[in-house]
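Going line by line, the protein sequences match chains A and L.
All residue numbers for the first sequence refer to our numbering, where the first residue is 1 and numbers rise by one.
All residue numbers for the second sequence refer to our numbering, where the first residue is 309 and numbers rise by one.
Possibly wrong hints are sitting among the right ones.
Below, simulated DSBU-like cross-link-like pairs (lysine-lysine); rule was C-alpha separation at most 30 angstroms, straight line [unchecked claim]:
#1 K55(A) <-> K395(L)
#2 K94(A) <-> K395(L)
#3 K319(L) <-> K438(L)
#4 K4(A) <-> K274(A)
#5 K151(A) <-> K319(L)
Some chain L residues flagged as far from chain A (calculated, every beta-carbon gap over 10 angstroms) [what the hints assert, rightly or not]:
#6 N450
#7 K466
#8 L537
#9 A585
#10 D596
#11 E603
#12 A612
Treat the hints as calculated values from the structure; they're not laboratory data.
Ideal placement from N, C-alpha and C gives every residue a C-beta, glycine not left out.
2 protein chains.
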Amino acid sequence: MINKLIEKIRKTNAPIVVGLDPMLNYIPKHIQENAFAEFGETLEGAAEAIWQFNKGIVDATYDLIPAVKPQIAMYEQFGIPGLQAYKKTVDYCKSKDLVVIGDIKRGDIGSTSAAYAVGHLGHVQVGSKKYAGFDEDFATVNPYLGSDGVKPFIEVCKEENKGLFILVKTSNPSSGEFQDRIMDGRPLYEWVGEKVAEWGADHMGKEYSYIGAVVGATYPEMGKVLRKLMPKTFILVPGYGAQGGKGSDLVHFFNEDGLGAIVNSSRGIIAAYKQEAYAEFGELNYADASRKAVEVMIEDISGALKNR
Amino acid sequence: MINKLIEKIRKTNAPIVVGLDPMLNYIPKHIQENAFAEFGETLEGAAEAIWQFNKGIVDATYDLIPAVKPQIAMYEQFGIPGLQAYKKTVDYCKSKDLVVIGDIKRGDIGSTSAAYAVGHLGHVQVGSKKYAGFDEDFATVNPYLGSDGVKPFIEVCKEENKGLFILVKTSNPSSGEFQDRIMDGRPLYEWVGEKVAEWGADHMGKEYSYIGAVVGATYPEMGKVLRKLMPKTFILVPGYGAQGGKGSDLVHFFNEDGLGAIVNSSRGIIAAYKQEAYAEFGELNYADASRKAVEVMIEDISGALKNR
């Protein structure tokens with residue numbers, strides 16, 4: 001799946017991923033009204049609105065981008081109907097040949113991690129049959145519990161040719177509280193990065209490992225260090241746009257081959273129509289605004305990479 | 309909710325929680341066969357088997373125990389039907405007046421953590437209405453992302469009188485890889501523990517904080533240190549029984565008042581009928597075996613507390 005991701009990045013010339021993290025207040029009124037007319041102001045109504053909103057954005061952008069990253073929390077908040085919309089979104093994106101990174105940030109120990117891995121990336125045994133629960137292509141994983149929390153995910157990835165992005169340095173302001181603390185002369189995120197590279201060596205694709213890392217765009221200097229520490233690790237970079245990161249901050253997340261990173265934008269793309277820069281599109285044409293925002297983002301990042 | 313948990317611990321004289329972490333191979337054949345006869349060997353069939361299995365155990369033990377801890381991964385592996393069984397289990401346990409600790413180990417940043425918190429502990433706004441997605445009483449949370457990952461959970465807990473158990477030192481063998489690393493003279497888990505106590509001071513119940521910690525039974529010496537570092541923090545202690553912890557290891561997780569900790573057992577209770585000690589019950593009477601195992605566990609722990 002890392003090979004497919006790289007192939008698609010080369011084809012689209014766009015090392016970016018669209019974060020499908022719908023909040024109800026991002027969703028244009030006409031979509032909410034239609035959904036509530038059919039299902040009422042219920043969890044089912046909210047889930048329908050999210051699904052229609054996502055479908056519009058995917059239809060308007062799928063030819064420009066290699067991948068999407070639905071954030072499961074935004075669906076899980078609407079309970080079972082929300083998770084049904086998550087699954088529908090995953091399935092639809094895959095039918096459009098997009099690589100799907102499930103931003104699930106799961107992580108537990110032994111058999112529990114194995115259950116998450118099986119549910120999101122693998123197949124679960126039921127009597128004599130096997131089923132995929134959610135079937136994303138990649139999943140994000142929290143490393144706090146150590147190797148025996150991560151390895152069950154890697155086992156499933158090997159069976160299924162799927163991959164992970166493991167949290168190393170997150171994009172939020174207080175990520176440093178624990179992640180930046182110095183241990184034996186180096187910050188925790190470096191120790192975690194080193195482990196990710198080690199775990200990744202165990203499951204290599206053609207050019208990069210199936211086991212990637214998450215490093216926030218908001219910490220470009222740390223990105224530079226981590227890039228060198230994990231040369232064969234693909235880095236998923238959140239925090240571009242709404243969280244403050246910009247193209248020129250991001251060049252050091254990439255290797256000399258122009259690969260090695262994929263930059264996520266969520267709000268900046270899916271709620272583009274709410275920004276002044278795209279206001280001309282109007283609420284009805286929110287998906288066209290998202291397409292335009294994708295084009296601008298690709299230009300920003302590939303421009304920065306050309307001028308590095 | 310922490311007040312209710314303490315009240316129920318006093319009433320049952322049982323500082324324990326039953327981990328409802330069903331694996332299909334724990335579930336007696338007759339339950340699986342009935343479920344598959346109705347729904348086929350499908351995800352729905354697996355979910356039905358899990359639900360019937362759980363119901364049997366809850367019916368046989370609810371009068372002896374204060375709380376249950378369903379592990380959502382074990383349900384999530386069966387996709388949407390599995391999560392429906394999770395929700396059914398949560399609702400049923402609440403109808404039996406059990407305190408429900410959702411072992412979800414979620415954790416993200418800002419609005420994403422808020423979405424998880426709303427989905428599991430709070431109410432989500434849909435138009436003019438509000439709905440609870442999963443509605444557990446407590447949730448477990450991963451602290452790797454720092455304060456701005458945890459605080460949105462605490463905000464929802466304050467609104468809803470609910471609580472958290474935050475991972476401090478987990479019970480698995482490789483938990484030390486990152487958690488034990490020394491920073492400024494103290495291991496990471498102590499820094500996290502100190503933060504948990506600080507966050508907890510912001511949301512106090514009558515005797516203890518609504519914001520608890522997870523510390524594995526498999527590390528009793530660290531439990532002793534953490535107990536002192538977080539005097540008002542309730543500690544959820546996994547790793548008893550099948551993972552190797554025993555009653556005498558656990559006394560130092562408790563305060564002098566006999567409170568301050570709640571010990572989880574999963575496999576040791578729900579799959580008790582598979583152990584030699586309870587083999588006499590047989591597969592058909594698996595729930596009676598679980599009841600007996602609960603009685604033995606209460607005796608082990610309260611015995612150790614009496615002899616401390």
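Tested hints:
1. Proposed proximity of K55(A) and K395(L) is supported: the alpha carbons are some 28 angstroms apart, at most 30 angstroms.
2. As the CA atoms of K94(A) and K395(L) are separated by approximately 28 angstroms, the hinted pair is consistent with the 30 angstroms bound.
3. For the suggested pair K319(L) and K438(L), the alpha carbons sit about 34 angstroms apart, so the restraint of at most 30 angstroms is broken.
4. A hinted pair counts as satisfied when its Cα atoms are at most 30 angstroms apart, and K4(A) with K274(A) does not qualify at roughly 33 angstroms.
5. Using a Cα cut-off of 30 angstroms, the hinted pair K151(A) and K319(L) is violated, with the two alpha carbons roughly 42 angstroms apart.
6. Its closest Cβ contact with chain A, about 5 angstroms, brings N450(L) to no more than 10 angstroms, contrary to its assignment away from the interface.
7. Interface exclusion of K466(L) from chain A stands, the closest Cβ pair being 18 angstroms apart, more than 10 angstroms.
8. With a minimum CB-CB distance of about 16 angstroms to chain A, L537(L) clears the 10 angstroms threshold, and the non-interface call stands.
9. For A585(L), the shortest C-beta to C-beta distance to chain A comes to about 22 angstroms, beyond the 10 angstroms cut-off, and the non-interface label holds.
10. With a least CB separation of 25 angstroms from chain A, D596(L) remains clear of the 10 angstroms interface cut-off, as annotated.
11. Listed as outside the interface, E603(L) is consistent with that label: its C-beta sits roughly 26 angstroms from the nearest C-beta of chain A, beyond the 10 angstroms cut-off.
12. Annotated as non-interface, A612(L) keeps its C-beta farther than 10 angstroms from every C-beta of chain A; the closest such distance is 25 angstroms.
Hints 3, 4, 5, 6, counting from the list given before, are not met by this structure.
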